[in-house]
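Peer 1: Each protein sequence line maps, in turn, to chains P and U.
Position in the first sequence (from 1) plus 34 gives the number in this note's numbering.
Position in the second sequence (from 1) plus 153 gives the number in this note's numbering.
Where hints are given, some of them may not hold.
[As the list claims (entries may be wrong)] Quick list of in silico lysine to any residue cross-link-like pairs, SDA-like style, CA-CA up to 25 Å:
| hint | chain 1 | residue 1 | chain 2 | residue 2 |
| --- | --- | --- | --- | --- |
| 1 | P | 80 | U | 238 |
| 2 | U | 242 | P | 195 |
| 3 | U | 201 | P | 142 |
| 4 | P | 173 | U | 443 |
| 5 | U | 409 | U | 394 |
| 6 | P | 197 | U | 200 |
| 7 | U | 219 | P | 179 |
| 8 | U | 214 | P | 202 |
| 9 | U | 236 | P | 83 |
| 10 | P | 197 | U | 198 |
| 11 | P | 80 | U | 237 |
| 12 | P | 112 | P | 177 |
| 13 | P | 181 | U | 394 |
| 14 | U | 214 | P | 195 |
| 15 | U | 201 | P | 205 |
| 16 | P | 202 | U | 213 |
| 17 | U | 213 | P | 176 |
| 18 | P | 146 | U | 202 |
| 19 | U | 219 | P | 114 |
In short, the hints are calculated from the structure, not lab data.
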Amino acid sequence: MLRMIVIGVLGGVIVWGGLNTGMEWTNRSEFCMSCHEMTIPFEELKKTVHYKNRSGTTVQCADCHVASSKTPTDYVFKSVQKIMAARDVVGHIQGTVDTPEKYEAYRLTMAKRVWERMKDRDSKECRNCHDFKTMDPEKQKDRSVVKHEGAIEDGKTCIDCHKGIAHKPVHQLLEQEEAATSAKKEG
Amino acid sequence: MMKKIAFVVTSALLAGGAFAAPDWSKIPPRKMTLFYPGQSSLEWVMNKPDHSAVPDIVDKKRPCAKCHEGDANEIGANIVAGKPVGSSKTVLEPTPPAGKAGSIPVMFQAAHDGNKIYFRFEWVPPKTGGKKLDAKNEVKLTMMFDGGGTVEGSEINGCWATCHTDLRTMKNAKDDKTTKHIKNGDLASGKFMDLIQYRSGEKGLVDGYVAEARHMDGGKALIKTEGKKEGNKWVVTLERTLAGGGKGDHAITAGKVYNFGFAVHEDYTNARFHYVSLGYQFGLDKPNPGVKSYIDIQKQ
């Protein structure tokens with residue numbers, strides 16, 4: 035009886051530990067970039083303040099693109115994301131974005147998916163590090179203070195305004211699309 | 154007998170005139186950063202891809218000064234260097250003037266005595282030596298104000314209500330003559346900006362208005378201007394009757410909140426090559442209606 039319990043517990047530790055190790059191992063930026071397509075956005079990230087800055091604080095791919103383990107909800111999300119990431123493997127095999135030209139053509143589609151997910155989660159990945167309450171108005175420009183106050187008032191989420199901060203901006207195409215759609219509707 | 158009366162009356166008038174000018178040392182100055190605006194027309198300001206704040210301006214009536222009083226110097230520095238500002242991709246100064254400052258801090262003071270209103274502007278001129286576009290006038294200082302909410306948008310944007318992309322020297326200039334104008338500007342309805350100007354060279358004093366176009370005459374309210382260098386500073390004062398009365402003159406009365414802005418053309422410049430203020434407001438002996446860009450002009 036005791037033996038079964040011990041084996042069960044050990045087995046559980048190995049399985050659970052293995053699962054988590056696997057999740058964390060596939061969260062490493064090196065793993066993401068083992069698909070060469072992902073070196074494109076990583077090189078773009080390196081030029082931004084989220085990667086290199088005065089204080090040395092930095093992010094890896096998973097910090098923004100994969101839910102954290104901070105809360106049980108996050109953990110469930112992360113697990114689902116890991117399973118759904120099988121799509122990325124399929125895309126890699128099919129060569130959907132395997133050249134810079136194909137990547138550019140597909141960029142807006144990929145960006146929209148990320149924006150939608152972030153908006154659904156109320157920019158949780160941003161809010162893991164950034165918080166309205168701990169923003170120091172003395173250290174922000176007037177226009178930022180005013181905008182953030184407005185965002186709180188209007189119930190906006192980070193990704194509503196802060197698109198295009200980590201990779202090559204493409205949100206200006208979104209506005210052009212919206213303008214074209216509304217022009218068609220009126221026309 | 155008549156000579157005696159005339160003497161007494163004249164002395165009284167002169168004495169009255171001598172007391173009328175305010176004691177500027179008693180009036181706390183307001184620092185305003187005037188910046189180089191390049192070709193930033195109202196149309197540019199209201200174009201969302203160039204200026205992300207457009208929804209806030211339209212829906213929340215957010216005034217320019219609320220966000221930009223603190224960073225006007227940075228905006229000016231970028232524009233004068235030919236760089237785009239914020240997330241815009243548009244270059245607002247296609248021919249950046251070499252060595253020109255992006256902004257000038259100006260100390261603004263104002264007072265009234267029940268009959269006349271006095272405005273005083275003081276600044277340290279930045280490095281000069283550019284091409285002389287208006288060789289007759291080293292300095293011009295121009296102030297524009299509405300009739301207390303009579304020009305749509307000026308409570309948000311001050312003078313930008315008059316600045317359009319099709320004016321001379323602007324990005325979509327249609328000719329070299331079109332001057333500032335207000336869309337549907339009209340004297341009868343009060344939809345105009347009263348324009349008062351000091352010139353260091355010829356004329357000295359201009360009182361006009363901007364309605365469907367800019368008119369540099371017609372007003373009777375501006376009675377005196379003075380400008381001089383005091384040490385390393387330029388000091389300009391404008392003296393105007395409160396009542397107005399001329400063509401394109403707004404009467405300034407208690408109880409109203411007037412939207413205004415002003416610009417300095419220094420170093421012999423003209424047209425858009427001035428330093429401009431954001432939109433501010435003033436009232437006579439009226440407590441602040443809750444807007445940080447409001448100045449209470451008190452009776453001295």
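Peer 1: Hint by hint, say whether it matches the structure.
Peer 2: Consistency of the hints with the structure:
Simply put, residue 80 of chain P and residue 238 of chain U have alpha-carbon atoms about 23 Å apart, close enough for the 25 Å limit, and the pair holds. Restraint check for residue 242 of chain U and residue 195 of chain P: satisfied, since their Cα atoms lie roughly 17 Å apart, inside the 25 Å limit. Of the supplied pair hints, the one linking residue 201 of chain U and residue 142 of chain P holds, its CA atoms being roughly 20 Å apart against a limit of 25 Å. Of the pairs offered as hints, the one joining residue 173 of chain P and residue 443 of chain U holds, with about 24 Å between alpha carbons and a cut-off of 25 Å not exceeded.
At most 25 Å may separate the alpha-carbon atoms for a hinted pair to count; residue 409 of chain U and residue 394 of chain U meet this at roughly 16 Å. This hinted pair checks out: residue 197 of chain P and residue 200 of chain U have alpha carbons roughly 18 Å apart, not beyond 25 Å. A distance of roughly 10 Å separates the Cα atoms of residue 219 of chain U and residue 179 of chain P; the hinted pair therefore holds under the 25 Å criterion. A hinted pair counts as satisfied when its Cα atoms are at most 25 Å apart, and residue 214 of chain U with residue 202 of chain P does not qualify at roughly 32 Å.
A hinted pair counts as satisfied when its Cα atoms are at most 25 Å apart, and residue 236 of chain U with residue 83 of chain P qualifies at roughly 20 Å. Simply put, residue 197 of chain P and residue 198 of chain U have alpha-carbon atoms about 21 Å apart, close enough for the 25 Å limit, and the pair holds. With a C-alpha separation of about 23 Å, the suggested pairing of residue 80 of chain P with residue 237 of chain U holds against the 25 Å cut-off. A threshold of 25 Å between alpha carbons decides the hint, and for residue 112 of chain P with residue 177 of chain P the separation of about 35 Å lies outside it, so the pair is violated.
Only pairs whose Cα atoms come within 25 Å are accepted, and residue 181 of chain P paired with residue 394 of chain U is rejected, the gap being roughly 40 Å. For the hint linking residue 214 of chain U to residue 195 of chain P, the alpha-carbon distance of about 19 Å falls within 25 Å, and the restraint holds. Using a Cα cut-off of 25 Å, the hinted pair residue 201 of chain U and residue 205 of chain P holds, with the two alpha carbons roughly 13 Å apart. Between residue 202 of chain P and residue 213 of chain U the alpha-carbon distance is near 31 Å, which puts this suggested pair outside the 25 Å criterion.
Among the hinted pairs, residue 213 of chain U with residue 176 of chain P is consistent with the structure: their alpha-carbon atoms are about 17 Å apart, no more than 25 Å. Note on residue 146 of chain P and residue 202 of chain U: the hinted pairing holds, with a Cα-Cα distance of about 18 Å set against a maximum of 25 Å. Restraint check for residue 219 of chain U and residue 114 of chain P: the C-alpha separation of about 44 Å exceeds 25 Å, so the hint is violated.
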